[in-house]
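Number of protein chains: 2
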Amino acid sequence: MKLYQSNLSPFASRCRIQIYAKAIDDIECCPPPGGLSSDEYKTHNPTGKMPALEIDGHVLGESEVICEYLEDRFPTPSLRPQDVLDRAHVRLLSRVTDLYILDPLFDLFPQMDPNNRDQTAVDKTLAVLKTNFALWEDYLTRGGYSDGDYAVGDKLTLADCAMVPALFVMVNLLPTFGVADPLVDTSRLARYWENIQKDESCSRVLSEMAEGFKAIMGGA
Amino acid sequence: MKLYQSNLSPFASRCRIQIYAKAIDDIECCPPPGGLSSDEYKTHNPTGKMPALEIDGHVLGESEVICEYLEDRFPTPSLRPQDVLDRAHVRLLSRVTDLYILDPLFDLFPQMDPNNRDQTAVDKTLAVLKTNFALWEDYLTRGGYSDGDYAVGDKLTLADCAMVPALFVMVNLLPTFGVADPLVDTSRLARYWENIQKDESCSRVLSEMAEGFKAIMGGA
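Taken in order, these protein sequences are the chains called A and B. Under our numbering, the first residue of the first sequence carries the number 1, and numbering increases by one thereafter. Under our numbering, the first residue of the second sequence carries the number 1, and numbering increases by one thereafter.
So that you can see chain A by itself, here it is in the shape it has in the complex:
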């Protein structure tokens, strides 16, 4: 199998945490053929987005679909809790991260240059994010989190796979827009972020994301 991806993409990073945690060794990580959104890549994955998983000529797009597929195909160790309600909380946290956190965060990427920035649009997005961070904290609490190492229960789940890369983007991107400490109003989320970085698969992917981030920011 091949995972078309980049190390910095939070959606691809979500899949890599899972792949490392499950020790799936027959997936080769490589860049999208022809580049992201290219006509060549669209013959593989029609949306032109990453990640996509190629399996014997079939291509699955959408990180969430890939994660669920890998759970179905490689059930052990499971990153879906046994209890059906816990499992639903995992899916809820994953989806909230995807739609209500990463979606607005991505709106900030074209505004990175402070000399070429639509400040009204930025302020609007920052206000949405502030509301949605509170929503995220609320869902984390509803899922049973108080001060543990993992989002739901006491083991790594697909919720952590989704949340960790989004938190990386959040804490690294928002200071550029004047938000020095994005987690200041969400104490459980802050505690979660501190604790989850001890997990081996999460820590490995966070290092890979940091390398990718340094490269685009013009670091050494």
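Incorrect hints may have been included.
Capping the alpha-carbon separation at 27 Å, the derived lysine-lysine pairs in DSSO-like fashion look like this [claimed, not checked]: (1) A/K130 / B/K22; (2) B/K49 / B/K22; (3) B/K130 / A/K42; (4) B/K2 / B/K214; (5) A/K124 / A/K49; (6) A/K124 / B/K124; (7) B/K124 / A/K49; (8) A/K198 / A/K155; (9) A/K42 / B/K124; (10) B/K49 / B/K214.
The set of hints was computed from the structure by calculation and includes no laboratory data. As the structure is a prediction and not an experimental result, all values here were calculated from the model.
For chain A, the structure is supplied; the task is to place chain B on it using the hints.
Positioned in the frame of chain A, the structure of chain B alone reads:
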């Protein structure tokens, strides 16, 4: 259990098709307490959106999460195929419907009145939809559909639950915006739409949606 919903909501209709097909009889369908987006309703479901499923004081939002929960809790009859790749295609079709079809379709709702319409915004959304309908047809084909009664395989799945309400909105809403036959360029999707209406649970929900639509359009 209670499903907070309305009969016209395509997201709630997705859950109702599943509930009818699985004959789950202990779910009461009722409107969101205090109304959609109200402060009262947000104490139940923080996004203020519908549907939401209340289970012994716990509330799950997001139709996709609710559908997966109901499959986990009431596994028979299963609306997820046995084969893991088919199962992934079901999830892919559901997600494409959700994000690439319903999301832009919802942008058209505030533009219903032809005398108070931002035509530039409408044209932009219609162009996105045209591209995304082709994407939908592509995913339907990749999932193995040629001319059967169901989207994936020969039985009702969660893909049908997601697609049918979106197709209802599409064929009923787009003529208002000058698109007389939205399915003219997507022959497989057109065939699918014709065939799937024979399914009992789909046909029941389509009648309920039609009632709801007639009510908001000022019909008898």
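Results for each hint:
1. A/K130 / B/K22: 40 Å, violated
2. B/K49 / B/K22: Measuring from Cα to Cα gives roughly 24 Å; hence the hint holds.
3. B/K130 / A/K42: Status holds; Cα separation ~17 Å.
4. B/K2 / B/K214: 25 Å, holds
5. A/K124 / A/K49: Holds: A/K124 and A/K49 sit about 26 Å apart, inside 27 Å.
6. A/K124 / B/K124: With Cα atoms ~22 Å apart, A/K124 and B/K124 stay inside 27 Å; holds.
7. B/K124 / A/K49: Holds: B/K124 and A/K49 sit about 21 Å apart, inside 27 Å.
8. A/K198 / A/K155: Within the cut-off at roughly 12 Å; holds.
9. A/K42 / B/K124: Holds, because 22 Å separates the two Cα atoms, which is no more than 27 Å.
10. B/K49 / B/K214: Roughly 22 Å between the alpha carbons, so the hint for B/K49 and B/K214 holds.
When held up to the earlier numbered hints, the structure conflicts with hint 1 and nothing else.
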